[in-house]
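Chains as they are written, first to last, in this note's numbering: chain A, 1 to 219; chain B, 1 to 417.
Hints are not guaranteed to be accurate.
List time: in silico PhoX-like cross-link candidates among lysine-lysine, alpha-carbon distance up to 20 Å [as the list claims (entries may be wrong)]:
#1 A:K214 / A:K189
#2 A:K5 / A:K214
#3 B:K404 / A:K71
#4 A:K127 / A:K117
#5 B:K335 / A:K84
#6 A:K29 / A:K127
Keep in mind that the hints were calculated from the coordinates and are not lab data.
Note that this is a predicted model, so its numbers are computed, not measured.
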Amino acid sequence: MITVKNLSKIYRTDAAETVALDNVSFTIKKGEFVAIMGPSGSGKSTLMHILGALDTPTSGSYSLDGKELNKLTDDELAVIRNQKIGFIFQSYNLLPRTSALKNVMLPMIYAGVPKEKRIPTAEKYLKEVGLGDRINHLSNQLSGGQQQRVAIARALVMNPAIILADEPTGNLATAQSEEIMAILTKLHKEGRTILMITHEPEVAKYAQRIIHIKDGKLI
Amino acid sequence: MPSELFILKMENLSELITSSFEALSLNKTRTALATLGIIIGIAAVITLISLGQASQKAVENQIQSLGSNLLTVISGSFRPGDFRSASGTATTLSLDDAKAILSSSKITGVKNVSAEIQRREAVTAGRKSTNTTVIGVLPAYKEIHSVDLDVGEFISESDNSALSKVAVLGPTTASDLFGGSSAVGKSIRINKIAFTVIGVMTSKGGVGFGGNQDDTILIPLSTAQKQLFGVTYVGSVSIEVADAKLMDNVRDQVGYLLLSRHKISEPANADFTIFSQQDVLSTISQVTGTFTALLSGIAAISLLVGGIGIMNIMLVTVVERTREIGLRKALGATKKAVVSQFLIESVILTIAGGFIGMILGTTLSFVISKLINLPFTLNFGSIALAIGVSGGIGILFGWYPARKAANLQPIEALRYE
């Protein structure tokens, strides 16, 4: 599903060079639930952004679902993000003052899914994350856990090849964290491929496999 | 591949428009203030164009009402840069010239000829007095200048041959001298000579070129020449041409006739000038057109400033919504999708401004034209222009902020605090 070879990311300023990722290689198979763990500054966020096609590596190759991402244009990357990747962010990133339904429909709008198909699809995934009764609530009327569940529904609507979760429980209390992790575990059991970044060992436990990263290198 | 992702279908467009309205309604004060520049600009342009056209039309109507197919000969030459003889002071035209024009076998197409002389004189009636234009006329004046009488009768051939001291008053002069009461049969004094009022003209409307036609006194030409002004020449000769197509012919023929009568061999040295209403019309149209263009140009500058205001607001919006743009890009928005979203927002702003400005401008020009007594015409051209221009401004000034939003790197936009 994901093959990363000799991936490096170097930030250059006039004064210094910072190596965020140093020759990273790994593969993730279809259906795996993998956690990437590392202290802050270890390069795990940079790795996540490159895997999410939000950022480009300085060198090395990255292929997702059989597609080499290095040579793609900005708009082609937008299509990859839209159709192959489902993002779950630490700070949820919902549109403010916008209903849960509209938030979940957003990726389908960019995909050009017709309106009559968008609404039932969005409703289906909102029900799946247990928000069937809050479809028309505005994002700011929902609790943190509920907002993150809307974000999960939004990550699922395009039926992506991989779900990328960046500290999905970082802003949540324990009870809500467990709810979110239960949903991710369920999605994994349904056969989805999930890659999660975290620095909390108890969250990483939910994953099948843990990749440790430190100073830009895998350990 | 991107084209299959975000196709700008009607459905997407309506989606974008709805979300643009939602975005704009989040900060109503700012939206209103941003639109204000466009509202004022469009309202100013529409008002000025509309009033300019209305005054042009008023002048045209006025000149048409002076009589149709009219050629006027005045003494003196009117060439640019040549001030040898100012008009009115030259004394080269005579009544015989007018008679010759009418009777000449070399001229075809002349329907009627009249000769006039005019001066401003002090006029009194009882205790009331006024200063007005006194014109000595022939009976043909009535037909040539389309004069209608409200009451009484016009100056006749016998009035002219008998040097009668009779006068026909313009409606303004009549009310100046006699108030509401009937003027016919009353006596007035022009330059201390007593005249009897025999008629009052109907109004032709107040605004116009060459003085107010309603504020005049008409007296027989012979009386004016011999009794009042003590001269033998005439100021101008009016020629009514039978057909508009013959205007140029008649103008040339009259020109040659007068040149030979005045024994001038070189047309450049002519001691008279012939002009038609068309000449006057086009001169005035040129003047009012220039004024309208000038004023509209100034109004257009305010439109430009309004457009820059829109750009400013859109730039602020882009910065404020950096995270949102980052999110949209992370979820698969292409550059085209982001550009469309922000362009549509700015176009909605400007078109809404243009629409309100159009209503405001139309109302304003309606009120002003009623106040200063101009004909009001609703000009669909300027309405289409207003909507088109404001939409164009939206695209023009929205383009830069929209490009700026579209070119944001998703990861930097998402990290933006």
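Here is what the structure says about each hint:
1. A:K214 / A:K189: With Cα atoms ~29 Å apart, K214 (chain A) and K189 (chain A) exceed 20 Å; violated.
2. A:K5 / A:K214: 17 Å, holds
3. B:K404 / A:K71: With a Cα-Cα distance of about 24 Å, the restraint between K404 (chain B) and K71 (chain A) is violated, given a limit of 20 Å.
4. A:K127 / A:K117: 16 Å, holds
5. B:K335 / A:K84: Between K335 (chain B) and K84 (chain A) the Cα gap is close to 18 Å, so the pair holds against 20 Å.
6. A:K29 / A:K127: With a Cα-Cα distance of about 28 Å, the restraint between K29 (chain A) and K127 (chain A) is violated, given a limit of 20 Å.
Violated hints, in rising order: 1, 3 and 6; the structure is consistent with all others.
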